[in-house]
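Chains as they are written, first to last, in the working numbering: chain A, 1 to 304; chain B, 1 to 635.
If you're looking for bench data, these hints aren't it; they were derived computationally from the structure.
A few of these clues could be false.
To be verified - Looking from chain A toward chain B, a few residues come up when the C-beta cut is under 10 Å (computed):
#1 SER4
#2 VAL23
#3 ARG47
#4 ARG135
#5 ASP136
#6 LYS143
#7 GLY155
#8 LYS172
#9 LYS173
#10 LEU198
#11 ARG212
#12 ILE270
#13 GLN271
A virtual CB, placed ideally from N, CA and C, is assigned to each residue, including glycine.
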Amino acid sequence: MTKSLTHLERLEAEAIHIMREVVAEAERPVMLYSVGKDSAVMLHLARKAFYPSPPPFPLLHVDTTWKFKAMYDLRDKMAKESGMELLVYQNPEAQERGINPFDHGALHTDMWKTEGLKQALDKYGFDAAFGGARRDEEKSRAKERIFSFRTASHGWDPKNQRPELWNLYNAKKNKGESIRVFPISNWTELDIWQYIHLNDVPIVPLYFAEERPTYMWEGQLFMADDVERLEKLMGNKPEITNRSIRFRTLGCFPLTGAVESTAKTLPEVIQETLLTTTSERQGRAIDKDAGGAGMEVKKQQGYF
Amino acid sequence: MSEPIYQTEALIAEDIDAYLAQHEHKTMLRFITCGSVDDGKSTLIGRLLYDSKMIFEDQLAALETDSKKVGTQGQEIDFALLVDGLAAEREQGITIDVAYRFFNTEKRKFIVADCPGHEQYTRNMVTGASTADLAVILIDARKGVLVQTRRHSYLCHLIGIRNLVLAVNKMDLVDYDPKVFDDIVADYAAFAKSIGIESFTAMPISGFKGDNITSPSANTPWYTGSTLVEHLETVEVLSSVDAGKPFRMPVQWVNRPNLDFRGFSGLIATGSLKPGDEIRVVPSGKTSKVTRVVTLGGDLDEAVAGQSVTLCLADEIDCSRGDVIAIADNPPQASDQFESTLVWLNDDAMHVGRAYWLKLGTQTVSATVQQPKYVVNVNTMEHLAAKTLDLNAIGVVEIATDRPIVFEAYADNRTLGGFILVDKITNATVAAGMLHFSLRRAQNVHWQPTDITRAEHARLKNQTPRVLWFTGLSGAGKSTIANEVEKRLNLMNRHTFLLDGDNVRHGLNKDLGFTEADRIENIRRVGEVAKLMADAGLIVLTAFISPFRAERDMVRQMIPAGEFVEIYVDTPLAVAEQRDVKGLYKKARAGELKNFTGIDSPYEPPEVPEICVNTAEMSAEEAADYIIQQLLPLK
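Build out the structure end to end from the sequences listed, making use of the hints.
Right, dumping it as structure tokens:
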């Protein structure tokens with residue numbers, strides 16, 4: 001008797017199939033790489049999809065300059081190991097205007113990430129960009145297609161999406177238009193963790209608990225990753241205490257809340273995740289803008 | 001609140017490794033829920049998520065606030081709010097697109113496609129159903145089997161979903177009366193039989209109260225069947241059915257990192273494979289043996305349906321994207337004419353005779369559609385005559401592709417029988433199709449090889465064949481200029497032939513009128529004739545309004561690259577109308593002539609014609625001289 005595939009085997013096969021379709025049909029694909037755990041799984045899947053060839057597209061990191069040091073380290077290591085070209089893009093305008101998470105709030109995300117992504121895609125002429133978004137993350141994501149079309153100005157029109165039937169993806173597009181492709185749409189957070197566990201996928205150590213320097217800001221716990229820079233911007237040195245913390249999600253260090261934890265191994269992290277009662281994106285401020293519809297508005301403007 | 005919850009929280013807390021081992025071996029079931037607007041779909045899904053702890057505390061807090069603000073359940077939690085996603089929908093209070101949700105039980109992971117109940121959204125339901133193993137058809141116990149129930153069941157059956165659950169919902173509102181349940185089931189059974197549904201599983205539930213969702217309800221002691229979740233946990237999934245069929249893998253990509261490695265990557269559609277198995281590449285028919293099944297984690301001893309793999313073969317045989325690798329002694333066939341069911345998904349109705357892209361598996365070809373044999377009224381299942389397919393219409397249509405594709409009947413193989421049609425200009429996915437069978441015609445008509453090739457015809461005439469395609473409004477001067485160009489070519493000792501719109505309509509196309517479908521067919525035939533003449537080595541000039549970009553492109557595709565020259569005779573409508581050589585504009589303006597290009601039928605100008613002449617600025621002679629200059633040298 002032939003064996004039944006497990007849910008992770010099916011999800012993996014689906015993601016690989018999607019990546020190969022894009023490579024076969026797009027002219028210039030790229031993989032967006034944010035160094036988070038979802039990105040780690042995406043990179044691993046890409047390596048599997050094209051093995052023994054290296055994945056036939058570059059990695060693009062749309063950098064805000066405010067990521068954790070440990071993220072930059074892993075990024076460079078993984079690019080080297082996978083044999084892929086790494087492109088790092090920092091929005092020059094945001095750079096020049098000194099846009100930062102403290103003084104500029106929502107503008108920080110808009111300039112560095114939304115605008116930065118659009119600029120990078122235009123600069124290199126990518127017509128298909130892989131992203132690690134999942135449908136379980138947020139309500140408006142639940143309705144997004146796996147192949148999500150963007151106009152030449154990167155807009156998303158939720159009313160005008162192409163129907164997606166079976167595993168047939170229509171990758172035809174007009175000049176200037178591009179596709180965002182989400183191969184792990186059907187994965188849940190637990191699936192991601194379990195896949196990392198089963199496949200020994202390298203992830204940033206910040207996901208595991210350790211004694212780290214921390215400070216409190218607006219009622220949330222943060223890690224003092226670059227104290228000098230923090231002090232310069234906040235105007236005063238925050239009160240730093242060592243605590244055993246880890247992160248459920250990784251972004252810009254001044255925007256990413258930490259949780260107190262003792263989970264030092266992957267099973268412990270998964271255990272904690274499963275028993276936790278706050279949802280994943282809550283550590284990030286981004287979804288809360290513009291009432292309940294934060295992410296939907298951002299996507300119409302071109303955010304991933 | 002219902003008991004028990006699905007995730008063994010105690011196990012997570014006490015022995016995470018054991019829990020992970022359990023989760024690792026779960027299988028996955030994809031299902032859809034369908035029902036009318038108020039049947040309680042969103043509430044049921046919200047309930048499944050809630051009971052499986054897929055709602056976190058902060059979401060729950062938001063849910064409680066929202067329930068009080070916009071909920072429809074008074075002070076109680078409105079589970080539907082968890083599920084209704086986009087802002088616009090929340091305001092309208094309806095779901096308008098397919099949304100995918102996830103939850104786990106101890107045995108399985110589930111992906112639910114939430115499908116809307118509105119008539120105009122047939123396309124969303126078909127989309128959601130296309131990946132589903134099972135469908136939950138919801139019925140409001142107070143209302144019984146409705147028109148929508150029939151429609152949804154028909155669509156599920158059409159898409160080939162074999163596991164149907166009839167969930168008679170809101171039993172709490174009919175006092176859990178078994179008679180209500182039995183009557184609805186009997187009513188539905190009669191309907192199901194009439195459309196060919198072989199079996200279904202009926203259960204009395206309440207999504208709102210939680211009856212028979214995760215545990216047997218004390219309110220329905222007369223019901224002894226399984227609960228909804230038990231049923232979902234045990235039905236057979238599609239991929240295990242597919243694993244028992246003959247081996248087929250459409251090739252997605254050829255993996256060639258260096259000269260020593262050549263692998264064929266794809267997702268196995270059906271069957272299983274071991275190294276050493278004899279395979280056949282279709283359509284070429286070449287055979288070889290599988291030497292390795294390669295993955296990053298090491299070579300596999302066996303690969304089954306649903307896995308994405310890379311195969312290495314013993315022989316260097318031709319095989320590329322679009323080919324299908326199949327078990328050698330039982331391969332699928334190839335054909336270029338089919339009967340198929342089409343579900344039309346686009347606002348722009350089907351254009352009979354127009355060429356669309358057809359994508360099936362990893363094959364993309366050009367395909368034309370004929371007038372429907374019939375369309376199905378999805379409310380009554382009646383077969384009706386129709387000239388075309390409009391948005392959400394379902395019909396049976398004959399399709400011809402420009403080259404043979406590897407296929408199987410949809411009923412046998414979803415991957416090799418299901419396809420989409422894509423508009424060549426807008427790139428929209430306009431239809432979903434399910435192949436029934438190949439038409440005998442295609443199987444029995446073969447190409448007869450001839451010894452004198454088109455190159456030899458051309459060499460004898462000492463010229464490169466061309467198709468000079470003049471397009472433009474009526475009265476633009478196409479025929480006059482084409483005539484001048486032919487005279488000049490004749491003086492240069494070129495072998496030419498001029499196909500003129502009016503002349504062709506006296507003979508070859510005298511059966512055609514001026515409807516959109518007839519105009520498309522007119523151009524198709526002229527294209528075929530021009531192609532034959534070009535094959536014979538001639539320089540062909542055609543003078544047809546040919547108003548639609550898609551048809552001009554269709555002809556361009558028929559002719560070898562570089563030989564098709566699109567010449568746009570650009571004349572403003574006002575100028576053409578003023579000339580009105582044949583008095584046609586006057587008639588059209590008076591309403592005596594229907595479908596007249598420029599008046600009540602559109603003209604789509606070429607985007608990048610090879611040659612463009614403006615007759616408001618040039619005489620016919622000047623235009624002809626200019627065209628000749630552009631064509632030189634004519635070797």
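How the hints compare with the structure:
1. At a threshold of 10 Å, the smallest CB-CB gap from SER4/A to chain B is about 5 Å, leaving the interface hint in force.
2. Proximity of VAL23/A to chain B holds as hinted, the smallest CB-CB distance being about 6 Å (cut-off 10 Å).
3. The criterion of a C-beta within 10 Å of any C-beta in chain B is met by ARG47/A, whose closest approach is roughly 6 Å, and the hint holds.
4. Look at ARG135/A: its Cβ gets to within about 5 Å of chain B, closer than 10 Å, so that hint holds up.
5. A hinted interface residue such as ASP136/A counts as satisfied when its beta carbon comes closer than 10 Å to some beta carbon of chain B; here the least separation is about 5 Å, so the hint holds.
6. Interface restraint check for LYS143/A: the shortest CB-CB distance to chain B comes to about 5 Å, inside 10 Å, so the restraint holds.
7. Hint status for GLY155/A: violated, given a least beta-carbon distance of 15 Å to chain B, over 10 Å.
8. For LYS172/A, the suggested interface contact is upheld, since its CB lies about 4 Å from the closest CB of chain B, less than 10 Å.
9. The restraint placing LYS173/A at the interface with chain B holds, with a minimum CB-CB distance near 6 Å, inside the 10 Å limit.
10. Below 10 Å, beta-carbon pairs count as interface contacts, and LEU198/A has one with chain B at about 7 Å; its hint therefore holds.
11. The beta carbon of ARG212/A is not positioned within 10 Å of any beta carbon in chain B (closest approach about 23 Å), and the interface hint is therefore violated.
12. At its closest, the beta carbon of ILE270/A sits 6 Å from a beta carbon of chain B; the interface hint therefore holds under the 10 Å criterion.
13. At about 4 Å, the closest approach between the beta carbon of GLN271/A and any beta carbon in chain B falls short of 10 Å, and the interface hint on this residue holds.
Checked against the numbered hints given earlier, the structure breaks hints 7, 11 and satisfies all the rest.
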